[in-house]
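Peer 1: The primary structure of each chain is shown beneath.
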Amino acid sequence: MENCFFVDSEYLSPKALEKKHRLETDKSSRTNHMEYMEGMEIIESDVRENVISQMNSYNPDKYTAKDVLAALEHTTCSIEDFKALLSPAAEPFLERMAERARLETSRHFGNTVYLFTPIYIANYCENYCVYCGFNCYNHISRMKLNMEQIEHEMKVISDSGMEEILILTGESRSQSNVEYIGEACKLARKYFRMVGLEIYPVNTEEYAYLHQCGADYVTVFQETYDSDKYEQLHLLGHKRIYPYRFDAQERALRGGMRGVAFSALLGLSDFRKDALASALHVYYLQRKYPHAEMSLSCPRLRPIINNDKINPNDVRESKLCQILCAYRIFLPFVGITVSSRESAEFRNGIVKIAATKVSAGVSTGVGDHESKYTGKNDNSVQGDEQFEIDDSRSLDKMYKDIADEGLQPVLNDYLYV
Amino acid sequence: MNNDKLIIGAHEFNSRFILGSGKYSMKLIEAAVKDAGAEIITLAVRRANTKESESILDYIPDGVTLLPNTSGARTAEEAVRIARLARELGCGNFVKIEIMRDSKYLLPDNQETVKATEILAKEGFVVMPYMYPDLNTARDLVNAGAASVMPLASPIGSNKGLATKEFIQILIDEIDLPIIVDAGIGRPSQACEAMEMGAAAIMANTALATAGDLPMMAASFKNAIEAGRQAYLAGLGRVLTRGASASDPLTGFLRD
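If you read the protein sequences in the order shown, they are chains A and B.
Just so we're aligned: 133 in the working numbering is position 133 of the first sequence, and the numbers increase by one with no gaps anywhere.
Just so we're aligned: 1154 in the working numbering is position 154 of the second sequence, and the numbers increase by one with no gaps anywhere.
Simulated from the structure, these hints should not be mistaken for lab results.
Which residues of chain B face chain A? A partial, calculated answer using Cβ under 8 Å: (1) ARG1047; (2) GLU1078; (3) ILE1082; (4) SER1103; (5) LYS1104; (6) SER1158.
Covered, in the sense of this in silico footprint (three residues per stretch, anywhere, with C-beta under 8 Å from a C-beta of chain B), are these stretches of chain A: (7) 103-111; (8) 288-296; (9) 408-414.
Cβ atoms here follow ideal geometry from the backbone N, Cα and C, with glycine treated the same way.
Looking at chain B on its own, in the form it has when it is part of the complex (with noise of 0.2 Å):
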């Protein structure tokens, strides 16, 4: 296990439990730190606008890598300012593109994100974008030089869990970046759920930061990742499906 890294462009990272952005306080940062052993923070430009943004920086501990997100975007266009922003800002290379064009259930816009990820990627950013899962589009975004992909679950904050589990799972198997499950993740069993299907990591945070107990929470994501991760590597055994399987083999009459 020792040796299983999550690696994103150039870089690895020992966890594979990433705290999304929706609902930021100090209390969450430290919990997805300490107990749930985040190395990967995600933070809301739009958030980190504001005079307080220096306590925001400064919070995150050294060895975090902080994932600045476009939320906010409309369109491609207004991904690539706010990333290049995020740069100016001194929040390294990395970026989430979120781009919606609905206020209603914040979805993603599939084109325009393919469009800032195009751009972004050849100007040297690590590029992480949030997509519906859609194979073709996943494909556009390899082209596109995308470091990972991070299709959602179920809508952004919803607590749903994998609503989406049959196309994840196509992306999984077809796309050769890693599939970082987002949004909508709501508890533990369904983030090993989405581990043992081979997901490469998880991201997550409405549901520990409307947890009852945060730091509980942060530990128990963090154990449902780790035996997620060791269940697809260990290879899942037969699921029977219906009754047993035949005593005697189905190709038994064959000769030779």
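Only chain A is shown next, with the shape it has when bound in the complex (with noise of 0.2 Å):
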């Protein structure tokens, strides 16, 4: 599988191409990704060996339909129920997880339903993540706003009603700083209510300068928790790094964030596997720090520019649904996120059983809110997305669409103290 992800750019120097392939070919040629690289913090945890221990002996063929209705029988689901519901075994009953998922989210939600738009600031990035969009050896168009563009898109964004805003960067520390992103929060607190993040994993200590500038969540996609392939799909730069991208959740904590967001990118590796592991990343961290609140996301591969290869074919939509409803049971407390990466119809669908956000008034370019918000296009030079979303829907016809379903939308729930 990973062959659909290597793409040679006819921009590459010799030089470039050359090293590009080695590091696709040859091991030997790549770092150690378990060792930190200088200036990365390293805490004493326990999560990352609980997770992984977990992981690693899970056997999803194991757990029979027995099992799967034990499960849904207990009150309270225990990582052995998780593990059953997350297994082959419980696709026949997947309306019936469906049923009390739904009855998990309504006792713990209501039927409100969280909205958010992205804004990415900037799209540079130093790693070779094979997968992605954004990936160094890419030929995108590359570009970091400056203040004044972000006052700009923010102030599009707001004025479109939305009050939660996430702040998107590629990963490269040497364009995109932390005192930029950090001037981009104090920016977005004068705009929206609430303000998170989703960067390059940083120190304790910069995660604390961050939330003073008014961010208060932090979201890094592990994107597998399978270390040999996270080793084949992330070939050069900081994010090669495991350990130090896996406990970036507890560093943010500890830096006072009020809360943090955790997913696998479904369709890298074993999806139940990433899935168990994800949850279980949540549920001790939970344990942990139980003051936190937390949520999932849950992305499937999608197509990127110049690489129409990649399909998220084998986590298939009821593959989804089922993770997400196992989610739900084993989690009954955290936020579930839908992104625009999934379609009008499932995540219409999907809000009403387990989800408890989506995003709207979708760009994952840089720099274009204006041009797709109103249509008005100044020729200015914006920036190539990171993937292709499929739900364009702007926030007003999100808003209605989800009200029209009975449900409520909410703008806002939260005070930054």
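Please assemble the complex out of the two chains, which come individually in their own frames, going by the hints.
Peer 2: Okay, here's the thing in structure tokens:
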């Protein structure tokens, strides 16, 4: 499957191309992905060990219909129950799982659905993650917004009525340093009630700084929890360091962030094991930091610029639904976010069962909100998109659609204290 | 019954149903006021912190007292800041203190709650603290200046009813402030039972918000709470635990 990711840009120099090919084919040319790089903070934590040992011992095929039915009977879903619900044996019971999930969602969240939108302020990246549109060898239009441009974008988004924003960058410390991101957070606090971050992992004190600047939620996707697979997919850059990424949420909480979000990119590796590990990552951290708010996302692979061969074939919608129902039954209190990678039909359906937050008015490009929101095109330079989205509904349309489904759209339920 | 008022601070209320804030919608507010007769409606300040807030505040009918809560606070300090913000937003002087350091069960932190109560009562707030039913804490809350004490019946949103019944009874027996049962009331029968025990009022939200027919459930809660209150005022009759009482009095041998 790895081969569907490799694309050689004609713009690469022979030297760069040679390095790229060597990284792709010769493991010995790659650094040890378990060894911290200079400047990376190491924290004492047993969370990773707990998650990995559970994941490694998980055999989805060992579970039977009886285990699944027992899991659905139990008031409290144990780790073993959760493993059964994620297994192939649970597939015939999807409707029953959905019923139980809906009950848990309504108990903990009522009929509310939270809305947010992402803003990409830069797409420079120093990593070579073979499946990602922003990877450093992909030939795309790169861009970093200056503060004036960021403020303009934020105004456009804020005028649409949105109150929660998620600031994203490509993973380049040199192009988008922590101070740059901090300044963006300060601007965001002016226009939005709630500011989240999805940036490269940083150290505890840097998270504390970004928290002071106004950010209160940190999203880091581990992509895959399978260490060997992780090594084969993240060939270059700081993202290659698996344990530093894994501990990012814990550092963020120690830095004072209110909440953290998690996910694997489903489809990169065995999705059942990755779903198990994602949920257990939440589970063990919640036990250690009970005050923290936690949420799970559920991205599947999407086609990226210069590579339309990527497809999330093995994680079909029914499988994704099974995973989300299992998440909800195991972790009734966590937020579940479903991004615009998924279709409008899927998102309309899943908010009634398990999801509590959806994005709207989404662009994964850089600096193109005005043209996307208003149709106004001033011929300014825009940065290319990270991946293709499926559901392009505006905030107004999403708000109305959710209300029409008998649910309650919520723009903000948060205070910075 | 007409003179039977619920008194919180210096304020009098006829209704003993308070709408909680967990799951908020205009339809719910309407049903709570019209069908359940609520005179106090809780509003999460964090939820009111929105561009839509005007519409939420506008929707609160005249004569209804707004009870802003501090949900989202993890410490006394954060609760105090949220309460002050509520006052600035024009939500009045009432405040329900909610301090949670646990995102899974949302159980209140009693120690921090006492601290916040003391600070806010001194600032002139009518403080209604949400707490885990513990007698010592309840006494501390009285001393800190609380206007009522709001013990939880079972974990919030769980609809599990009076799991902490024995401990709530102790608070009712020992504490001179109104004891308002908050969180976990899932059915009108449970609300009725708490009122029979002598609770001063019931706060509920999820039980209504997740009901099939919202207005009908709201009305049902109203009736249940009134029935329970009447029973309490009437004085419950004997409850025979085992067989009939002895036909000859046990003390019949006494000569004077």
